[in-house]
Amino acid sequence: MSMNTQGRPSAIPAGTADAVTGTYTGNRGLQIEEPLIFEQDSAGRCGVDLPDVPKVASRLGAVKPRAKVGLPGLAEPQVVRHYTRLSQKNYAIDSGFYPLGSCTMKHNPRLNEKMARLPGFSDVHPLQPVSTVQGALELMDQLAHWLKTLTGMAAVTLAPAAGAHGEMCGIMAIRSAHEAKGDSGRTKILVPESAHGTNPATAAACGYSVDAIPATADGRVDLEALKAKLGPDVAGLMLTNPNTCGLFERDIITIAEAVHAAGAYFYCDGANFNAIVGRVRPADLGIDVMHINLHKTFSTPHGGGGPGSGPVVFAESLAPFIPVPYVTHGANGFALVENAGGGQAFGRMKAFHGQMGMFVRALAYMLSHGADGLRQASGDAVLNANYVMARLEDVMTASFDGPCMHECLFDDRFLKGTGVTTLDMAKALIDEGFHPMTMYFPLVVHGALLIEPTETESKASLDQFVDALRALAERAKSGDAAYFQAAPRLTPRRRLDETAAARKPVLRWTPPVAAEALAAE
Amino acid sequence: MTVKYTKDHEWVRVEGDVGTVGVTDFAQSQLGDVVFVELPEAGRKLEQGKEAAVVESVKAASDVYAPVSGTVLEANQALVDDPAMVNSAAETDGWFFKLTLSDLSQLDALMDEAAYKAFVEESH
Amino acid sequence: MRYLPLTEADRQSMLAATRATSVDDLFRDVPEAARLAGPIGGLPSHMGELEVERLLGSMAAKNLPAGSVPSFLGAGAYRHHVPATVDHLVQRGEFLTAYTPYQPEVSQGTLQVLFEFQTQVALLTGMDVANASMYDGATSCAEAVMMANRVTRRKKAILSGGLHPHYRDVTTTDARFIGFEAVALPPAPRGGEDLLALVDDKTSCVVVQNPDLFGHVRDYTELAAACQAKGALLIVVVTEALSLGLLTPPGDMGADIVAAEGQSFGNALNFGGPYVGLFAVKDKYVRQMPGRLCGETVDADGRRGFVLTLSTREQHIRREKATSNICTNSGLCALAFSIHVSLLGEAGITQLAQLNHAKAVQLADKLAAVPGVELLNDGFFNEFTVKLPKPAAAVVEELAKRRILGGVPVSRLYPGEMDDLLLVAVTETNTDADMDAFAAALTEVLA
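Chains as they are written, first to last, in the numbering used here: chain R, 1 to 521; chain D, 1 to 124; chain H, 1 to 447.
Think of the hints as simulated: they come from the structure by calculation, not from any bench. Source: prediction; values computed, not measured. Misleading hints may appear alongside valid ones.
Claimed, not checked - Simulated coverage check for chain H against chain R, where a stretch passes if three residues somewhere in it have a Cβ under 8 angstroms from a Cβ of chain R:
hint : segment
1    : 27 to 34
2    : 199 to 207
3    : 337 to 344
What the hints assert, rightly or not - Below, computed lysine-lysine pairings styled on DSS-like, alpha-carbon distance capped at 27 angstroms:
hint : chain 1 : residue 1 : chain 2 : residue 2
4    : R       : K504      : D       : K45
5    : H       : K230      : R       : K114
6    : H       : K284      : D       : K45
7    : R       : K504      : H       : K284
8    : R       : K114      : R       : K68
9    : R       : K55       : R       : K68
10   : H       : K366      : D       : K59
11   : R       : K64       : H       : K401
12   : R       : K114      : R       : K181
13   : H       : K284      : D       : K50
14   : D       : K50       : D       : K98
15   : H       : K62       : R       : K148
16   : H       : K401      : H       : K390
17   : R       : K188      : R       : K229
18   : R       : K227      : R       : K188
19   : R       : K416      : D       : K117
Heads up, the beta-carbon is just placed ideally off N, CA and C, and yes, glycines get one too.
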């Protein structure tokens, strides 16, 4: 392996045409190669101008000032160009169709961004006197009102930072409720096989053993198997509804009754609440506790992996246990309960009051849609998914009969014998200009392809996607596996070697000297 | 020398009261490219059917269970340095650990090679 | 509705393709008794942008923005100047509206950012490797303790009384439900706690904060060595990441894990969130780390690229055996952090940290000169504790009436305790005039 002057492994000798792109720079028109920020360093260069430091004797106590950090120096235009070029290597909802099942990649309105940046929300310290943050508490109270009304539940905590964090919160509340009743014999949480990985991870983290419930042939929870597992050792059931196969659990009310009859609580993973918001209230289905991903149902941006926000709604039976902090109506306006004191609050989830920036965005979205618009949105989301399913079921293999909810699930039976895998199909879609659907999840079908169009796609956009997928399915069946296996061809990078990445992890840039020393070892 | 197999796709080769344990060739083919193994330290007491080691591929992480009870004699350091050996030599150089068996009669309930082959064909 | 592209004609033709009679018919699996016939009651109908702006604007107007008055609050959240470039770049749709980079070929932008972020965090903390972020500093701290439990196979954490009480509470909440012991020492506003005396052969880790809640700066080199001798890990928490630009980093002191809050770089106060948790460890603990990791590799053409790696530690694969249930993290906040740190660079970060410290020294002297006020700290970075002759919460309220946000009363964090102590933070955003106004107002309120 040759090394360039920066000590980085490089396949291309400098000064000759790039073997991949045929250009001298390795760039390809608008696709511009961008080195690491650390490879653009010039000592002393800086992207900010700061005032002179007042001349005072430092007072650091016993600690010495550090000699150096090791960060690179760049001027502002270089930084702007670096991140702009990097951004252009990303696929995003703003650029195209992103039907990533179970992730709800819908349009992120810019009004939400504008509202979150009002100084009255963004430039407020979490520990300012409560008298100076009445508007912030009012916003939290309003959001709580919307969430409680849309779910029919009695109480809500806004504290959890994301869906999985909300799951922890819900399971902690369930355990607190059992403990408050002196019931310590409940050691199990039931989780369907089709669940998101976070469900069993959460239950296990909270000290419960996880018992998997099988699915029926029509993609729902096996009610009889569930009933057989319910007993005095079960603390609760964690169920996603609509489930991860994109189907509504028809027996949900019976399930809830059985869970309650066994003295257990019913946790609903609300990751797919976007399919049913404004159409049915979870409280009316017998659900005791549910988290809501504001970054899915209420359109706060995913940001390349967060921040999320995972408020949790609770039925009356679990309401006393919600964690601090929460907003109350006091004598002088809104008050903030920050300490559990002698109450039943089970504890604290996060440093401050929750993801305020996400609350503003979500409320802006809710207000924009209104009760009528939210109902229309879930209707359109479900219609779009059913339309995609209807237009694909003759060339691909739908795993279950419809109607589906907000997403439709296919498996890889249609690829049998073609030599093309679900992964290959996804990579070929990338070359067609789409983000692939979710692959290999849920685990209950083989080679899953889970498509979630969301309500913010036009019919023309769906038709283009469907046409491309139909053509690809036909091409796969015609025996052109090599085409798929080499995909994607047109992206800034082609398939990446994940095995090498995991066997010898390189998780950071190292300065050239250190890298050379390492190579010499 | 006897070689026995479990339904969880471990093999154990026994000489005297010392057993050498690994995962089967079928198991490695299901895992895909192995990238990491975590092996038990010498002296650890293992219980039959309980977690003994971890094997990770790019897409899956699996526990390796002790096929028999016993005390770990040594772990295969070469495997830690080169986990790909699980793929290239699952039932030879890619062994995980050796242990002193505490109950030789546990072997009786395990499958021999022919029975394991039949088990794999039947269940997959 | 402006966010919904389907026309009524589209809906009709699409329904025909699905062989459903109506949109409502597609919901036929929902038990009929629970189905709502029309829009839910008790909530308003849709609004235009203008109406939403008016409504939310009126709520925002009821708050006192910290930047509109002299403001000296810290205690885990710091008001720093965020360069315009940062907020412009994080709003690029390709960053803002992308998902977790599960398809690396179309996510190299986010992935390279994460790789650079991990490197920046490792350099700042003086550690070997860092992950791609956690929810915030407090959850990072709790995850660090759980990781120490896994590494040492022990189940007792010792938490310094200098640890932010919210961080302590998040950790003890996890301890109660997840099943480990977390021994929290009482607060020591003047220092002098003996952590090592509590370390025994069941102790998985000692958690200290630097600078601590009260602003004290300490060298934990000896504690690190002593923990190591007893088989326990040293976790250093940092709530003011800018301090890493000036102080000996935890890695150089021998820390095993650093759990920090990164809000100070690139992220607004936001009334407490979203923020960005930093998590860095020694090399040998990489596979026990929670959260996402981005790693370098090559593509099919041999060119350098990046992927999420070691994901078998994570919930979507390991399920109930995952190192943590964390899924979504703080991607966009990490991006803001990274851009700000890139703009600052070596020269900027050093100067900004020195500036914060020098201003804090100036304000500490000004406040210590106010009759009845005592400065508790010998060493500090940009935050310190003063003892007042009156309850600090009431003083802060009085200062707020004079349009000065004069710090965080310790009793806000420790109800009913230490009510005469006030935490005061200073940053580059505070002018000389701000500091003089604060000292003058405090003199008035205490008179």
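Going through the hints against the structure:
1. Here the segment 27 to 34 of chain H counts 7 residues with a CB under 8 angstroms from a CB of chain R, which clears the bar of 3, and the coverage holds.
2. Residue count for the segment 199 to 207 of chain H with a Cβ under 8 angstroms from a Cβ of chain R: 0. That is fewer than the three needed, and the coverage hint is violated.
3. Coverage of the segment 337 to 344 of chain H by chain R holds [criterion: at least 3 residues with CB-CB distance below 8 angstroms; count 5].
4. Note on K504/R and K45/D: the hinted pairing is violated, with a Cα-Cα distance of about 30 angstroms set against a maximum of 27 angstroms.
5. A distance of roughly 53 angstroms separates the Cα atoms of K230/H and K114/R; the hinted pair therefore is violated under the 27 angstroms criterion.
6. Between K284/H and K45/D the alpha-carbon distance is near 24 angstroms, which keeps this suggested pair within the 27 angstroms criterion.
7. Distance restraint check for K504/R and K284/H: the Cα-Cα separation of roughly 13 angstroms lies within the 27 angstroms cut-off, and the hinted pair is therefore satisfied.
8. Between K114/R and K68/R the CA atoms are separated by roughly 38 angstroms; this puts the pair beyond 27 angstroms, and the hint is violated.
9. With a C-alpha separation of about 21 angstroms, the suggested pair K55/R and K68/R falls inside the 27 angstroms cut-off, and the hint holds.
10. Between K366/H and K59/D the CA atoms are separated by roughly 60 angstroms; this puts the pair beyond 27 angstroms, and the hint is violated.
11. Pair hint K64/R plus K401/H does not hold up; C-alpha atoms about 40 angstroms apart against a cutoff of 27 angstroms.
12. Between K114/R and K181/R the alpha-carbon distance is near 47 angstroms, which puts this suggested pair outside the 27 angstroms criterion.
13. Between the alpha carbons of K284/H and K50/D the distance comes to roughly 26 angstroms, so the proposed pair stays at or under 27 angstroms and holds.
14. Taking the CA atoms of K50/D and K98/D, the gap is about 16 angstroms. The hint holds against a cut of 27 angstroms.
15. The straight-line distance between the Cα atoms of K62/H and K148/R is roughly 24 angstroms, inside the 27 angstroms bound, and the hint therefore holds.
16. Between K401/H and K390/H the alpha-carbon distance is near 17 angstroms, which keeps this suggested pair within the 27 angstroms criterion.
17. Proximity of K188/R to K229/R is assessed by CA-CA distance (about 10 angstroms); at most 27 angstroms being required, the pair is judged to hold.
18. The suggested pairing of K227/R with K188/R holds, with an alpha-carbon distance near 14 angstroms, which does not exceed 27 angstroms.
19. For the suggested pair K416/R and K117/D, the alpha carbons sit about 25 angstroms apart, so the restraint of at most 27 angstroms is met.
In this structure, the earlier hints numbered 2, 4, 5, 8, 10, 11 and 12 are contradicted, and the remaining ones agree with it.
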